[in-house]
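Since chain A is already given, all that's left is putting chains B and C on it; use the hints.
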Amino acid sequence: MLKINNLSANIEDKSILKDFSLNINPGEVHAIMGPNGSGKSTLSNILSGKKGYEISGEVLFENNNLFELETEERAHKGIFLAFQYPLEIPGVNTNIFLKTSLNAIRKAKGEKELDAIEFLKLVKEKARELKFDEEKLNRQLNVGFSGGEKKKNEILQMSMLSPKLSILDETDSGLDIDALKVVSDGVNTLRSKDNSFLIITHYQRLLDYIKPDFVHVLMNGKIIKSGGPELALELEKKGYENFN
Amino acid sequence: MTEQIKTDFEKIVKASAFSEKDVELKKMHLNKFLKTGFPTRKLENWKFSDLSQIIKKNIGELSFYNDYSFPNKIDTSIFVEGLEHNKIVFINGRVEKVDFTHEDHDKIEINDDFKFVNRSEDNNSLLSLNNAFTNKCYKITVKKNYSLKKPLVVYHSTSNKITSRNINLKLEFQLEQNSSLRLIDLFNDRAENNFINIFYNFDLKENAILKNYKIDKVQNKNIRYSYNNIEQDDNSVSETFILSSGSNFSKNEINCNLKGEYSSAFVNGIFSLNDGQHHEVRTIINHLVENTKSYQLIKSVLGKNSKSAYQGKIFVDSKAQKTDGYQLSKAILLDETSEFNAKPELEIYADDVKCSHGSASGSLDENSIFYLMSRGLNYQQSKELLINGFLLDVVEKITDTEIKNLVKNMIGLKE
Amino acid sequence: MDKREKDIEKLKDYKYGFSTDIENIRAPRGLNEDVIKFISNIKKEPKWMLDFRLKAFERFKQLKEPDWQKPKYPKIDYQDLYYYSAPKSMNDKPKSLDELDPKLLETYKKLGIPLQEQARLNGIAVDAVFDSVSVATTFKDELTKQGIIFCSMSEAIQKHPDLVKKYLGTVIPTTDHFFATLNSAVFTDGSFVYIPEGIKCPMELSTYFRINASETGQFERTLIIADKGSYVSYLEGCTAPMRDENQLHAANVELIALDDAEIKYSTVQNWYPGDENGKGGIYNFVTKRGLCKGKNSKISWTQVETGSAITWKYPSCILKGDNSIGEFYSIAITNNHQKADTGTKMIHLGKNTKSKIISKGISAGFSDMTYRGLVDINSKAKNSSNYTQCDSLLMGNKCGAHTVPYIKNKNFDSNIAHEATTSKISEEQLHYCQQRGLNSEEAVGLIVNGFCKEVLQQLPMEFAVEAQKLVGISLEGSVG
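Sequence lines, in order, name chains A, B and C.
Counting in the working numbering, the first sequence runs from 1 upward without gaps.
Counting in the working numbering, the second sequence runs from 1001 upward without gaps.
Counting in the working numbering, the third sequence runs from 2001 upward without gaps.
Hints may be right or wrong, so weigh each one.
Keeping only pairs whose Cα atoms sit at most 25 Å apart, straight-line, the calculated PhoX-like set for lysine-lysine is [to be verified]: (1) B:Lys1221 <-> C:Lys2410; (2) B:Lys1383 <-> C:Lys2410; (3) B:Lys1056 <-> C:Lys2410; (4) C:Lys2070 <-> B:Lys1354; (5) C:Lys2075 <-> C:Lys2410.
Non-contacting residues of chain A with respect to chain C, defined by C-beta distances greater than 12 Å in every case (computed) [to be verified]: (6) Asn10; (7) Ser21; (8) Lys51; (9) Lys77; (10) Glu125; (11) Arg128; (12) Leu130; (13) Val143; (14) Glu149; (15) Lys193.
Just so you know, these hints were derived from the structure itself, not from any lab.
Think of the CB as a built atom: it goes at the ideal place given N, C-alpha and C, for glycine as much as any other residue.
Bound conformation, chain A alone:
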């Protein structure tokens, strides 16, 4: 599904990712773990199409060259990024935002756009599943939401848009145990033989709830070790500093 071949990224002459390669097949859950500054967020930014990086290498998503696609086109094709810091957008109603987004993606896929009633039915259902406060759907997007609410909102959006590849950028940071459970339930519900996940995290904690198929350790822009779930536990025990 996703093939990253020898990806390097610089920002203002500073090298962040070096010869990074990764292969994700349909249905797989990959976790990337790494300390601060290892290049984790850069990876998610580049995959979602954020500008401002000098890039070399190749990223293929279902055999499409990702670098030829605009950010929204990547979303249309099924890439979803749960932001580490979801943006506050004043004045924009969460429901209206979600409906516009959902229909843009459905339209691109050639599916029928949902009308207000169908949409509301769907969003309420999803909100209930995720224990997301329905009242917040009528509030301005992320404005005045707590850290946990913002993250839950990201997962709600993810489950609404049903992407093929979901990238979770430090979604666990700042979450209490209940919110963590809600977030991982959301992910586990979406898990299927067709959908893949890339979970970027600093801590092993989230992986107790979302069992990854593969764990990769990212340091200084490179994967230094890959393995199964047991690698995360090893890492947790040793710490990044002594891991090598």
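Chains B and C in isolation, oriented as in the chain A frame:
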């Protein structure tokens, strides 16, 4: 006025030793002034303060004649105590003393024959008036890499026999690369009913730092106009603090051209007015290149029959991306006869900028007074405490600790 | 052609850019007493009305065209304009919609206002102004039952002279500024509304203005009176056909609210803004003023200004009655070479008066936007307050945003608070929306609508949808 001013002009020319060329130049400026006269409220800049009317009402006929041929006696009692400083003493339109005893003399250059060139304030009739009548224009240059050890205090004074007179002063400061100057203007007028017209020009080269503190604290019946033009190169910083409180009428104008990247300008001001006083501050900050910043904070406390006005304009050129421009004006009206006017203006032609202005005016917050009173203070104490806190905020912006404390003492602010 | 190219193609053809071929009756070219008498005569006006016009004209001759506003425009030759032009088929006024010139009805259809159906569906009584003469008024019967008068100004002069005489010119006197005075001298038609004591008008009243005949200045005059304890919501929508010549529009709108009355006046203005090079377009120099005459009265202006080459207007409130309230909600969008200088005046004269100003300005392309406003709290206006918020959004660095508020507080019991910000749409916000599948124009439309939300919320439902679309359309092509 026209006849009077022409006669006075001839009288001065006769009594002084100006060169023929100078006289021609002065005549040109005089004619320029006469064309428009004193500004009236018809001019947008003078909408809140009609200078022509104010002079007519408070002074009546002005005399433009000053005898520059004899030095005036310096009253040393006006000197600030407990603060080592350099001095410029200005009395009745004459600069009587320029004293940089605390400094390395080869680091400061003083030129008393400087020809002032008109700049952006070209259409200002008060500048023409100043050019026509000012006695001498001094230029002070602070050399490269030199920071004055002690502040420079300019004493503005008039002996008490002077009345209904127009008095002009002009100073030019050049701060070369990496130099710095702390300049305090102290207004100590003994005389009454004069119109005092002051022009300063500051040229700040790379990394230069200017701190100008204008203190008009002593109650006096004069009408004062003061104009600062500040040109700023890369990385330079200007800080202007205005205490506007003593004169009957006062208008301070600051025109600042941020033409070097990473240059910044700070303007902070306090109006503390009473009994028929009318003061104005007008600022124009021109952000002309990328990455420049300006911050302004002006607060007014307005007693009986007093009036303050704040006109602040932030201009951002289309080239000046990444500008930060911020201004805030707040006023407390203490009496039903007090009045606050504001015109905070933004004119912006670049999109990647952060600019804002805010203005708030009203009476003292009754809830706060109630809170303080419930802790045992009486009404007067509560009121004073709140005003104190309201103004302290502005004084705290003064970056020079020595001068901050001086100002605090002068206005009796408690921390 | 891809979608973007199509969008641009679509933009080139201004949606409402057609003109209907109808023979016109015109007053002779130029401005003089004879022309004013011609207008008054053709409208069969009583003498007092003619006197009102002539008095204004006398004053007009002494006035100079103002030049303090920011948008400058080429000099207008007032002797080279036609001051009256009516569709010929109007000589015998139609009694009902069926008698209308079919071409007129066709025009409205293109504009998206099928008069009968839409009016009924929306519960709106539409008083459509075609050029200078009102051509149809619907729902009159239903309104008449409640004693509400909603008719053309010409009809009001004939049928309700006492009301017109009593109120016309009391808010905008014949001695006002240049363009207002010009209007007083030569106004042709407009709407008249009177809501009797204690009546809440059961429907939104609406007028659509159009400018059709070329080289015809439009001089509408609207007068709305809300008697004690009454309420009315009035909508004004404007679209104009494409013209190469610049066209002057100098309307006067007067609102009067008596004790406990409320008037809500909403405008969506989408006149032809000129082409992308700044050629053509309407000059919209309008005087709108409301007087809160009685105690506890309220006047609320809401405007969405996206059209015209030059917009120059300050819908104002004079808060004379104690406890009266004035509100101004504005969205102004300029693109290409459009210029707007707009804002409001809130004059507080009565005790406990309150005013609120929310202004959202968006400039794109090579356009220039000015917010200019005055808040003046008089020394007698004890315990009054104002809150002002004006935000500007710039798109690109070829456009300008200018904020010029005048604040005068002469009352120590009163509070004035003013906030203004300037910002742009951040790359992060765009990226976020695009990541969720919106293209850049959809994203901008969404964010801009969010930016304007507080104002859009003030519009009646039917208008809000149209306005929201307009906001998006107005900015098409402004992001690369």
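Going down the list of hints, with the structure as the test:
1. In summary, the hint linking lysine 1221 of chain B to lysine 2410 of chain C is supported, as the alpha carbons are separated by about 24 Å, within the 25 Å threshold.
2. Restraint check for lysine 1383 of chain B and lysine 2410 of chain C: the C-alpha separation of about 20 Å stays at or below 25 Å, so the hint holds.
3. A distance of roughly 24 Å separates the Cα atoms of lysine 1056 of chain B and lysine 2410 of chain C; the hinted pair therefore holds under the 25 Å criterion.
4. About 23 Å separates the Cα atoms of lysine 2070 of chain C and lysine 1354 of chain B, which keeps this hinted pair within 25 Å; it holds.
5. Under the criterion of a C-alpha separation no larger than 25 Å, the hint pairing lysine 2075 of chain C with lysine 2410 of chain C is inconsistent with the structure, at around 39 Å.
6. At roughly 19 Å, the least C-beta separation between asparagine 10 of chain A and chain C is larger than 12 Å, which holds for a residue marked as non-interface.
7. Annotated as non-interface, serine 21 of chain A keeps its C-beta farther than 12 Å from every C-beta of chain C; the closest such distance is 24 Å.
8. Distance check on lysine 51 of chain A: its Cβ comes as close as 7 Å (rounded) to a Cβ of chain C, failing to clear the 12 Å threshold; non-interface status is violated.
9. Residue-level check failed: lysine 77 of chain A sits 10 Å from the nearest beta carbon of chain C, not beyond 12 Å.
10. Every CB of chain C lies more than 12 Å from the CB of glutamate 125 of chain A, the least distance being 20 Å, so the non-interface label holds.
11. For arginine 128 of chain A, the condition that its CB be more than 12 Å from all CB atoms of chain C holds, with the nearest at approximately 22 Å.
12. Taking the minimum C-beta to C-beta distance to chain C, about 17 Å, the non-interface status of leucine 130 of chain A holds against the 12 Å cut.
13. The beta carbon of valine 143 of chain A sits about 10 Å from the closest Cβ of chain C, which is not more than 12 Å, so the claim that it is off the interface is violated.
14. Listed as outside the interface, glutamate 149 of chain A is consistent with that label: its C-beta sits roughly 16 Å from the nearest C-beta of chain C, beyond the 12 Å cut-off.
15. For lysine 193 of chain A, the condition that its CB be more than 12 Å from all CB atoms of chain C holds, with the nearest at approximately 24 Å.
Of the numbered hints stated above, those contradicted by the structure are hints 5, 8, 9, 13, listed in ascending order.
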